[in-house]
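A.B. asks: Spelled out from the first residue to the last, the chains are:
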Amino acid sequence: MVKPDDIKKECKSILEEGKVKYIVGYKRNNNSYMSIPAFIEKIEETDQLIWDPTCVYNLVRFIRDEKLRKERHKNPDTRPIGVIVKGCDSRAINVLLQEKFIKREDVYIIGVACEKSGVIEKKKLRKKFNEKNIKQIEFGKDNNFIIATEKGKTTISAEEILAERCIECNNNTPVIYDVLLGEKVERSLSEHFRSLEKFESISTEEKWNFWKKELDKCIRCYACRSVCPMCYCDECVADSISLAVKPDTTAEEKAQKIRWVEKSPVSSENFSYHLIRALHLAGRCIDCGECERVCPVDIPLRYLNKKMEKEASEQFGYTAGLDPEKPALVSDFKDDDPQDFII
Amino acid sequence: MEEKFEPKIIAFLCKWCSSAGSDLAGVSRMKYPPNVVPITVMCSGSISTNYILSAFKDGADGVLVSGCHPGDCHYIKGNYYARRRITLVKELLEFIGIEPERFQMSWVSAAEGAKYTEIIKDFVKELEPLGPQNKLRSNL
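Protein sequences, first through last, are from chains A and B.
Position 202 of the first sequence, counted from 1, bears residue number 437 in my numbering, the numbering being contiguous throughout.
Position 21 of the second sequence, counted from 1, bears residue number 25 in my numbering, the numbering being contiguous throughout.
Pulled out of the complex, with its shape left as it was, chain A reads as follows:
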C-alpha cells in the first residue's frame, strides 16, 4: 500500500523542480477523521499530505475550477496543476481529455494505486461505529483497515466498510498518469454490476415505487451537479438561472428560453432533472460516487449512472475513460449495434 511519505516525497520533488503551480491532494481535517482536499503551493506544506481510506473525494473537479480561473486571468500562470488521483479519478481526466475540455499539458497527474483496497463509505461505517469516537482510519496489512478510536485501535476487514463502488471497481490502478505511486495489482472481478442485481428481479411497479420514493425527496440543491467532474457546462439545461445573459440579450429571448425542467422540486421535475442528468452522463460517468456522497437527502444516484454504464458496456462494449483518443459513446456507432427492440 502506498505510504503517505512516498506521496510527500514525490510532491516535494515536483514542487522543487517548479513543474506545477500547485498540487491538489488530501490533508487531515482537524475536526473529523475524514480527510479534506488540500491545495499545496509551498514545499514545506507537503508535510500535510496524507493517504488513507478516507480520501474519497474526486479532485478532478478542481481542474475545471482551475481552467475557469485561468480564463478569467489576463496573464495566467500556464504551468500545469498537480492532481493526486485514484484509479477512478484518472478515468475522469481521460473523459475530460477525450472531450477536449482540458489539454494534457494542463495537468500533472500523480496517480495513486488503490491496489487491493479502496476507500470507505461513511454510511457503512456509521452502522458499525459511533462516528464521534473515531480518530483516524488507516490502511492495514492484508486488506484490513485500522480504525483508531479513543479506546484504542480496532482492525476491521476492508470489505465491511469499503465503498460499494470500490468493491465493483475494475480500475484500481490509474489508467493515465505522469508518475505512479504504488504497485499495479491485478484484481479480477466478476461482480462489476453487483449493486444493480436487486433491480433485476423486481417488477416495473416496484421499480417505480422505489424511484418515486427516492426522487421525491430531492430538494434540487444541485449538489450532485456541483460536485460532478463531468458537469462542466457553462449553461445547464436543467436550470435557467445559469442562462448566459449578455448585454444584448433581449427580454423576449429570456422569456422564450426553453425550460426543459422547472425549478420547483415536485415529482415530475425531479424525475426530469435526474433522468436528463443520467442520460448526459451516459458513457461519461466513471463512478466516482461523488454525487451520492454529497446528496443531503441520500438519494442513491449511483444506480442511475451505474445502469447507464452497464448498458454501455453490455450493449456497446464501451467503458468510459479508458482511451482519450476514442470517440465518446453517443458520438459513435457500430453497424451491428443491438436493435432487437426496434419494430
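Simulated from the structure, these hints should not be mistaken for lab results.
Treat the hints loosely; a few may be bogus.
With a straight-line Cα cutoff of 27 Å, these simulated DSSO-like cross-link-like pairs (lysine-lysine) come out [to be verified]:
(1) LYS12(B) / LYS442(A)
(2) LYS569(A) / LYS119(B)
(3) LYS81(B) / LYS335(A)
(4) LYS139(B) / LYS545(A)
With chain A held as given, fit chain B onto it using these hints.
C.D. replies: Frame of chain A, contents of chain B only:
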C-alpha cells in the same frame, strides 16, 4: 356513460422516411387510429432525449421515435446515432419503472405506409390496457 380511454401518442418522425411513410398512409387512404400526434423532425438523430422526456411530462401516454432503415439515412448515419441514444433512453425509462411498451422505436421507410399504420394500430392496442400515463406527467 363512461368514456373509453384513448391513448395519446407523440410520434417523432424523420422528415425523409417516416414522415413520408405516414404521408403515404394518408394519401393511400389507409385507416389507422387518430391517437397519434406526428411531429416531423429533420432526422431521427436530431431527437434530443429532452424531447422524449418533455413529451411524457406534457402528458403523452406513449412516445414513438421513427427513422429511416439503417443504411438509408438521408444524412448517412443519423439513424445509427439515434439507435444508440434511444437504446439508452429505453433502458433508463424501464429501469425507473416506466412500462417498456410506452416508448418505442421503429424503422419506417417512405414506401412503408402500410407498416406505419400497423405500428400505430399495435401501439394503441398495447397502450389501452395500461391506462393513462401519470408517472412522468407534470404535476406543477
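A.B. asks: Each hint: holds or not?
C.D. replies: Each hint tested on the structure:
1. LYS12(B) / LYS442(A): 24 Å, holds
2. LYS569(A) / LYS119(B): At roughly 26 Å apart (the allowed maximum being 27 Å), LYS119(B) and LYS569(A) satisfy the hint.
3. LYS81(B) / LYS335(A): The hint holds at about 23 Å.
4. LYS139(B) / LYS545(A): 25 Å, holds
Hint compliance for this structure: no hint is broken.
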